[in-house]
Amino acid sequence: MELQYFLLLAAALFCIGIYGLVTSRNAIRVLMSIELLLNSVNLNLMAFSNFLDPAQVKGQVFTVFVITIAAAEAAVGLAIVLSIYRNRDTVDMEQFNLLKW
Amino acid sequence: MNLADGVQIVSFALLAAMMLGTALGVVLLDNIVYSAFLLAGVFISISGLYILLNAGFVAAAQILIYVGAVNVLILFGIMLVNKRQDFVPVEKAWIGKAATALVCLGLFGLLGTMVVATPWTLSSAPIAGDDALVVIGKHFFSDFLLPFELVSVLLLMALIGAIVIARREYLPEEADQNPQLTVPERPRELTTGGNR
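From first to last, the protein sequence lines are chains A and B. Take the first sequence: its letters are residues 12 to 112, numbered as in my numbering. Take the second sequence: its letters are residues 16 to 211, numbered as in my numbering.
Just so you know, these hints were derived from the structure itself, not from any lab. Among the hints, a few may not be true.
Interface residues of chain A toward chain B, partial, derived using beta-carbon atoms under 8 Å [unchecked claim]:
| hint | residue |
| --- | --- |
| 1 | Leu14 |
| 2 | Asn37 |
| 3 | Gln67 |
| 4 | Thr74 |
| 5 | Leu93 |
| 6 | Tyr96 |
List time: in silico SDA-like cross-link candidates among lysine to any residue, alpha-carbon distance up to 20 Å [said to hold, decoys possible]:
| hint | chain 1 | residue 1 | chain 2 | residue 2 |
| --- | --- | --- | --- | --- |
| 7 | A | Lys69 | B | Leu165 |
| 8 | A | Lys69 | B | Phe72 |
| 9 | A | Lys69 | B | Gly71 |
| 10 | B | Lys107 | A | Lys69 |
| 11 | A | Lys69 | B | Asp145 |
| 12 | A | Lys69 | B | Gly152 |
| 13 | B | Lys107 | A | Ile78 |
| 14 | B | Lys107 | A | Phe107 |
| 15 | A | Lys69 | B | Ala140 |
| 16 | B | Lys112 | A | Val33 |
| 17 | B | Lys107 | A | Met104 |
| 18 | B | Lys112 | A | Ser35 |
| 19 | A | Lys69 | B | Leu148 |
| 20 | B | Lys112 | A | Leu32 |
| 21 | B | Lys153 | B | Thr136 |
| 22 | A | Lys69 | B | Thr136 |
| 23 | A | Lys69 | B | Leu161 |
| 24 | B | Lys112 | A | Asp64 |
| 25 | B | Lys112 | A | Glu105 |
| 26 | B | Lys112 | A | Asn37 |
| 27 | A | Lys69 | B | Lys112 |
| 28 | B | Lys153 | A | Asp64 |
| 29 | B | Lys107 | A | Ser35 |
| 30 | A | Lys69 | B | Phe155 |
| 31 | A | Lys69 | B | Ala108 |
| 32 | A | Lys69 | B | Ile66 |
| 33 | A | Lys69 | B | Ser138 |
| 34 | A | Lys69 | B | Ser157 |
| 35 | B | Lys107 | A | Glu105 |
| 36 | A | Lys69 | B | Asp146 |
| 37 | B | Lys107 | A | Asp64 |
| 38 | B | Lys112 | A | Gln106 |
| 39 | B | Lys112 | A | Phe107 |
| 40 | A | Lys69 | B | Val149 |
Idealized CB from N, CA, C, for every residue including glycine.
Based on the sequences and whatever the hints tell you, model everything.
So this is what it looks like as structure tokens:
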């Protein structure tokens, strides 16, 4: 196994996540795309941890931190989506004109 | 815990194909419930890749937190926002999609050339393997103590913040004026007869 395989796979997942983040119209799908992005970063960190720093696995420590932050982000993001849905009665990203000038 | 090289290659290929397929499904499928279940597939195959990378603890944490918590939370969010509406089609939406796909392919090319061209200095130290759990614990309570405590405070803040944002405002004055025997939380479904 090579390090490059994992890095290429993580890059592909990152690009899929970016595509979903930009083109999705459902707000919950945008949250799912953000989870994809965070997971690709995690995969990068784990690959570096295994191939470049296998003795003291600092990449795994960072991955645990990122997983924690992702859980908090999902909770707050879904709360915000629910709140917007109650006020606007839609989850269409094209119809949100909040925070625009 | 070392598998033979052939087994590693085959399982990596299987997991990579599964991960890319399910990730594309998450992004491209129309039904968002299918997307949410395919997201669980992405998380599970990433956890398998972590096992290939000699990190059993993080693989278990990935399944527990992502599949068990985040994915269920997203499913609950979908069920709560259960509006079956067709989005109004935007004119010339395909231009934006094509441009985004082009940018993403370009980004992938850039990252790919960077990954292939960089001379990585691989370490030859012995792999921690299953002792990684002990090493992670030592990191948490020695040199990563401050981020660890900050993350715990941040989780508490996110918990309280999510409850505060998602809670419906309940006005006791209105309820006192016209006392009705309905649940004040969900008035919309009662009027429209429950649109699933």
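Practice task
Measure nothing beyond the straight line between the CA atoms of B:Lys112 and A:Val33; if it is 20 Å or shorter, mark the hint as holding.
Solution key: 8 Å, holds
Practice task
Compare the distance between the alpha carbons of A:Lys69 and B:Ala108 with 20 Å, and conclude whether the hinted pair is satisfied.
Solution key: Distance ~43 Å between A:Lys69 and B:Ala108 Cα, so the pair is violated.
Practice task
Measure nothing beyond the straight line between the CA atoms of A:Lys69 and B:Asp146; if it is 20 Å or shorter, mark the hint as holding.
Solution key: Roughly 13 Å between the alpha carbons, so the hint for A:Lys69 and B:Asp146 holds.
Handout entry: 20 Å Cα cutoff - pair B:Lys112, A:Gln106
Key = 18 Å, holds
Problem - Given pair status - A:Asp64, B:Lys112, alpha carbons within 20 Å - result: Not OK: B:Lys112 and A:Asp64 at ~39 Å, beyond 20 Å, violated.
Exercise for the section: Please work out if B:Lys107 and A:Lys69 have their alpha carbons no farther apart than 20 Å. Expected result: Not OK: B:Lys107 and A:Lys69 at ~47 Å, beyond 20 Å, violated.
Practice task
Verify the proposed pairing of B:Lys112 with A:Phe107, using a straight-line Cα cut of 20 Å.
Solution key: 19 Å, holds
Practice task
Decide if the proposed pair is consistent with the structure: B:Lys112 and A:Leu32, CA atoms, cutoff 20 Å inclusive.
Solution key: 11 Å, holds
Practice task
Please work out if A:Lys69 and B:Val149 have their alpha carbons no farther apart than 20 Å.
Solution key: Distance ~12 Å between A:Lys69 and B:Val149 Cα, so the pair holds.
Practice task
So, A:Leu93 near chain B? Judge it on the closest CB pair being under 8 Å.
Solution key: At about 5 Å, which falls below the 8 Å cut-off, the nearest Cβ of chain B leaves the hint on A:Leu93 intact, so it holds.
Exercise for the section: For the pair supplied as a hint, B:Lys107 and A:Ile78, confirm whether the alpha-carbon distance does not exceed 20 Å. Expected result: Not satisfied, since the Cα-Cα distance of roughly 37 Å exceeds 20 Å.
Problem - Given hint A:Asp64 paired with B:Lys107 - CA-CA distance at most 20 Å - result: 48 Å, violated
In summary, the structure is inconsistent with hints 10, 13, 21, 24, 27, 31, 37 from the numbered list given earlier, while agreeing with the others.
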